[in-house]
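Trainee: Here is what each chain is made of, one letter per residue.
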Amino acid sequence: MIEIRNLHAGIAGTPILKGINLTINAGEVHAIMGPNGSGKSTLSKIISGHPQYEVTEGEIIYDVNFKKVNLLDLSPEERAREGIFLAFQYPVEIPGVNTAVFLRAAFNEICKHQGVPEMDPIDFDEYIRSKMKALDMDEKYITRAVNVDFSGGEKKRNEIMQMAVLNPHFAVLDETDSGLDIDSMRIVAEGVNKLRSKKNAMLVITHYQRLLNYIVPDFVHILQDGKIVKSAGKELAIAVEEKGYDWLKEGV
Amino acid sequence: MLIIPTDQEKSSPLIAAVQKYSEAMGKTSTSSWLSQIREKSLSRFVKLGIPTVKNEEWKYTNLSALSKIDFKPLVSEKFSLQSEVKRLIKTDEITLVFVNGNLDEGLSALGAMPKGLTLLSLKKAWFERQTDIEGLLNKYTGVFENAFVSMNRALANDGTFIKIADKTIVDKVIHIIHVTQSAQPAITTPASYIFLGKSSEATVLETHLGHADSLYLAAPLTEVFLDENAILHYCKAQSESLKSYHVGNTRVWQERDSHFDGFALMNGGDITRNDLDIISNGEGTSSTMNGFYGVNGKQFVDNHSSMDHRMPNCTSNQLYKGILNGASNASFNGKIFVRQIAQKTNSYQLNKNLVLGVDCKVNTKPQLEIFADDVKCTHGATIGQLNEDEIFYLQSRCISKKTAIKLLAHGFVGDIINKLHNSAIQAKLNILLEPTFAALE
Numbered sequence: 027m028i029e030i031r032n033l034h035a036g037i038a039g040t041p042i043l044k045g046i047n048l049t050i051n052a053g054e055v056h057a058i059m060g061p062n063g064s065g066k067s068t069l070s071k072i073i074s075g076h077p078q079y080e081v082t083e084g085e086i087i088y089d090v091n092f093k094k095v096n097l098l099d100l101s102p103e104e105r106a107r108e109g110i111f112l113a114f115q116y117p118v119e120i121p122g123v124n125t126a127v128f129l130r131a132a133f134n135e136i137c138k139h140q141g142v143p144e145m146d147p148i149d150f151d152e153y154i155r156s157k158m159k160a161l162d163m164d165e166k167y168i169t170r171a172v173n174v175d176f177s178g179g180e181k182k183r184n185e186i187m188q189m190a191v192l193n194p195h196f197a198v199l200d201e202t203d204s205g206l207d208i209d210s211m212r213i214v215a216e217g218v219n220k221l222r223s224k225k226n227a228m229l230v231i232t233h234y235q236r237l238l239n240y241i242v243p244d245f246v247h248i249l250q251d252g253k254i255v256k257s258a259g260k261e262l263a264i265a266v267e268e269k270g271y272d273w274l275k276e277g278v
Numbered sequence: 192m193l194i195i196p197t198d199q200e201k202s203s204p205l206i207a208a209v210q211k212y213s214e215a216m217g218k219t220s221t222s223s224w225l226s227q228i229r230e231k232s233l234s235r236f237v238k239l240g241i242p243t244v245k246n247e248e249w250k251y252t253n254l255s256a257l258s259k260i261d262f263k264p265l266v267s268e269k270f271s272l273q274s275e276v277k278r279l280i281k282t283d284e285i286t287l288v289f290v291n292g293n294l295d296e297g298l299s300a301l302g303a304m305p306k307g308l309t310l311l312s313l314k315k316a317w318f319e320r321q322t323d324i325e326g327l328l329n330k331y332t333g334v335f336e337n338a339f340v341s342m343n344r345a346l347a348n349d350g351t352f353i354k355i356a357d358k359t360i361v362d363k364v365i366h367i368i369h370v371t372q373s374a375q376p377a378i379t380t381p382a383s384y385i386f387l388g389k390s391s392e393a394t395v396l397e398t399h400l401g402h403a404d405s406l407y408l409a410a411p412l413t414e415v416f417l418d419e420n421a422i423l424h425y426c427k428a429q430s431e432s433l434k435s436y437h438v439g440n441t442r443v444w445q446e447r448d449s450h451f452d453g454f455a456l457m458n459g460g461d462i463t464r465n466d467l468d469i470i471s472n473g474e475g476t477s478s479t480m481n482g483f484y485g486v487n488g489k490q491f492v493d494n495h496s497s498m499d500h501r502m503p504n505c506t507s508n509q510l511y512k513g514i515l516n517g518a519s520n521a522s523f524n525g526k527i528f529v530r531q532i533a534q535k536t537n538s539y540q541l542n543k544n545l546v547l548g549v550d551c552k553v554n555t556k557p558q559l560e561i562f563a564d565d566v567k568c569t570h571g572a573t574i575g576q577l578n579e580d581e582i583f584y585l586q587s588r589c590i591s592k593k594t595a596i597k598l599l600a601h602g603f604v605g606d607i608i609n610k611l612h613n614s615a616i617q618a619k620l621n622i623l624l625e626p627t628f629a630a631l632e
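First to last, the sequence lines map onto chains A and B. Take the first sequence: its position 223, counting from 1, is numbered 249 in our numbering, and each next residue is one higher. Take the second sequence: its position 299, counting from 1, is numbered 490 in our numbering, and each next residue is one higher.
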């Protein structure tokens, strides 16, 4: 579904990613772990197209509707319409923009892109409420401004709720578990698991192995200093949780 | 500070026009009181002259072009703005429509008058309600009156008089619409006098509109008196012709425990100057002075407010937001006086500007003069562009950059409009804001 080839990227001239190669197939969940500053969040921002980051080398080939595109050629909104989704590590507050209005605008952009009829506000309201219920979110958030006055946990749930509404092909979850208590994490993980299917794929970025007990990955990759230094099954996450990252340093 | 105008400024065509307008009104022989006020105001206006940028209070509002316009008498002609006016009228409200200063009975819709509400044309009220009006004016002895307040007093012939009886709550919105349409440059001076009795409550909206092709000077004056424990939700919406000058004054006098809940929308006019002066004359008052301005092209808007805390334990809150497009300019000046006796004053002021045009300019100036030592006063101002992270967040949710900018600008405005007390007024403001949002396209 997605193939990252020799990706080099950075911000303001400082290189962060130094040659990432990663292939993710439909139906798979991959996890990326790594110490602070290893480039995990940068990778998520580059996949979704944040304008502050610059790619100096490489490409991200994405399979959609039986065609292959280089994601780097698309604007952030075009990527999103093609089914790329980023659950933000720090969801942004948008004062004055109502959550339902915002999400319906987003949803209808996908409808337009796929050439199917748009959903009217009443049907959409029902649709969004069902998704919120599944994530145990209070319905009052529908009429509130996006993420404004949400607690940290509510913001993270809101990200997964948006993911459920937009139903992406490929989702990147950037530290969705940080700052969540165990109950919230279970709810979020359940929400994510419900969205797993043979047709989509996910990349879960996390600091903690704990999340991976709930969202069980097919592969775990360790990112260090802008490179993937080790890839293995879910047992790798347990190993780094116990031993830290030092033993994985290149050449060891 | 009083700036003595030069002879040249004194003899500007605008002053000559005001004198001519005054002559044309003739003497109101039936009320010596009224003619006295008019005469006094006219000579005061002539003495003050048109303020120039040399005057600190008018530093950013350049009226030199205005003072040179050769204004003609305002003659009624074919009126073509019926549909623009009608879409702002709701049948369950009390609506007064003034066309070129005269009440248009066809467009106005009064409906059943709620008990305790006195609604009169000023023409009548000058005579029947002299005590109320004169009583209020006398309170301002010793308070500086700017040239355009004097000009309005000298020329205002008709307008609205509202009085709410003690302990009366009027649920219906009272909507006063002022429309100007003139083929020649003209002056209009709408006036409203609003009195709220003890423990009464009312909602008043004043809308100022004009024909797109008309060049005119609108110099409205609204005087508000709030007796003990009264609450007024007051909104002024200015969407004048883009060729016009709007130099308006709103003056509010608050007695003990009263609440003035004010909002100002300014998105019309070529040059707009809007003054709001509040005097808190009793303990426990609260005053809200919120506003939004949206300017485009070469428009200029200057919001001036002054909050005079004369008594202890009072609160004032002010949030003005603005969006600037094209090569527009805006100025905000928020003055807060806290007199020595006014201990425990709690005052908050914020001015936020969203600059979308390349050649825009904003001057924002908080002006706090605090003589009491046990007060809490905060103020702040921001001038900036849209937040890049917010735009990216929306883009990552399929929304194009252009739509994202529009949504965020809508949100910037909506955040303040949605806080308005009355949803019908919110809806009207959203109609008046259409050109501002269209400028984002």
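For the record, the hints were derived by calculation from the structure and aren't laboratory data. Built from N, CA and C at the ideal position, the CB exists for glycine as well. Just so you know, not all the hints are guaranteed correct.
Covered stretches of chain B (in silico footprint by chain A; criterion: 3 or more residues with CB under 8 Å from a CB of chain A, positions within the stretch not fixed) [as the list claims (entries may be wrong)]:
# : region
1 : 582-594
2 : 599-606
List of simulated lysine-lysine pairs, DSSO-like, C-alpha gap at most 30 Å [unchecked claim]:
#  : chain 1 : residue 1 : chain 2 : residue 2
3  : A       : Lys166    : B       : Lys597
4  : A       : Lys220    : A       : Lys275
5  : B       : Lys593    : A       : Lys181
6  : B       : Lys314    : B       : Lys330
7  : B       : Lys567    : B       : Lys556
8  : A       : Lys181    : B       : Lys250
9  : B       : Lys556    : A       : Lys157
10 : B       : Lys593    : A       : Lys166
11 : A       : Lys159    : A       : Lys224
12 : B       : Lys592    : A       : Lys225
13 : B       : Lys358    : B       : Lys238
14 : A       : Lys93     : B       : Lys593
15 : B       : Lys593    : A       : Lys157
16 : B       : Lys535    : B       : Lys592
17 : B       : Lys610    : A       : Lys166
18 : B       : Lys593    : A       : Lys138
19 : A       : Lys157    : A       : Lys220
20 : B       : Lys592    : A       : Lys166
21 : B       : Lys434    : A       : Lys157
22 : A       : Lys181    : B       : Lys597
Which bits of chain A does chain B cover? Going by a derived footprint, with three or more residues having C-beta under 8 Å, they are [as the list claims (entries may be wrong)]:
#  : region
23 : 76-82
24 : 89-100
25 : 107-117
Trainee: Each hint should be assessed against the structure and marked as holding or not.
Mentor: Each hint, compared with the structure:
1. Three residues within the 8 Å Cβ limit are the bar, and the region 582-594 of chain B against chain A gives 11, so the coverage statement holds.
2. Here's how the region 599-606 of chain B fares: 7 of its residues keep a CB closer than 8 Å to some CB of chain A, so the rule of at least three is met and the hint holds.
3. For the hint pairing A:Lys166 with B:Lys597, the CA-to-CA distance comes to about 25 Å; that is within 30 Å, so the pair holds.
4. Restraint check: the Cα-Cα separation between A:Lys220 and A:Lys275 comes to about 36 Å, which exceeds 30 Å; the hinted pair is violated.
5. Distance restraint check for B:Lys593 and A:Lys181: the Cα-Cα separation of roughly 25 Å lies within the 30 Å cut-off, and the hinted pair is therefore satisfied.
6. In summary, the hint linking B:Lys314 to B:Lys330 is supported, as the alpha carbons are separated by about 22 Å, within the 30 Å threshold.
7. Proposed proximity of B:Lys567 and B:Lys556 is supported: the alpha carbons are some 19 Å apart, at most 30 Å.
8. Under the criterion of a C-alpha separation no larger than 30 Å, the hint pairing A:Lys181 with B:Lys250 is inconsistent with the structure, at around 46 Å.
9. Under the criterion of a C-alpha separation no larger than 30 Å, the hint pairing B:Lys556 with A:Lys157 is inconsistent with the structure, at around 47 Å.
10. As the CA atoms of B:Lys593 and A:Lys166 are separated by approximately 29 Å, the hinted pair is consistent with the 30 Å bound.
11. With a CA separation close to 24 Å, the supplied pair A:Lys159 and A:Lys224 stays within the 30 Å bound.
12. Under the criterion of a C-alpha separation no larger than 30 Å, the hint pairing B:Lys592 with A:Lys225 is consistent with the structure, at around 29 Å.
13. With a C-alpha separation of about 43 Å, the suggested pairing of B:Lys358 with B:Lys238 is violated against the 30 Å cut-off.
14. For a cut-off of 30 Å, the pair hint linking A:Lys93 to B:Lys593 stands: about 28 Å separates their Cα positions.
15. Among the hinted pairs, B:Lys593 with A:Lys157 is consistent with the structure: their alpha-carbon atoms are about 28 Å apart, no more than 30 Å.
16. For the hint pairing B:Lys535 with B:Lys592, the CA-to-CA distance comes to about 47 Å; that exceeds 30 Å, so the pair is violated.
17. A hinted pair counts as satisfied when its Cα atoms are at most 30 Å apart, and B:Lys610 with A:Lys166 qualifies at roughly 17 Å.
18. Of the pairs offered as hints, the one joining B:Lys593 and A:Lys138 holds, with about 16 Å between alpha carbons and a cut-off of 30 Å not exceeded.
19. Using a Cα cut-off of 30 Å, the hinted pair A:Lys157 and A:Lys220 holds, with the two alpha carbons roughly 11 Å apart.
20. Between B:Lys592 and A:Lys166 the CA atoms are separated by roughly 28 Å; this keeps the pair inside 30 Å, and the hint holds.
21. Of the pairs offered as hints, the one joining B:Lys434 and A:Lys157 is violated, with about 51 Å between alpha carbons and a cut-off of 30 Å exceeded.
22. Proposed proximity of A:Lys181 and B:Lys597 is supported: the alpha carbons are some 23 Å apart, at most 30 Å.
23. Interface restraint, the region 76-82 of chain A with chain B: holds (3 residues with C-beta to C-beta distance below 8 Å; minimum three).
24. Coverage of the region 89-100 of chain A by chain B is violated [criterion: at least 3 residues with CB-CB distance below 8 Å; count 0].
25. Evaluation of the coverage hint for the region 107-117 of chain A: fulfilled, as 5 residues show C-beta separations to chain B shorter than 8 Å, against a requirement of three.
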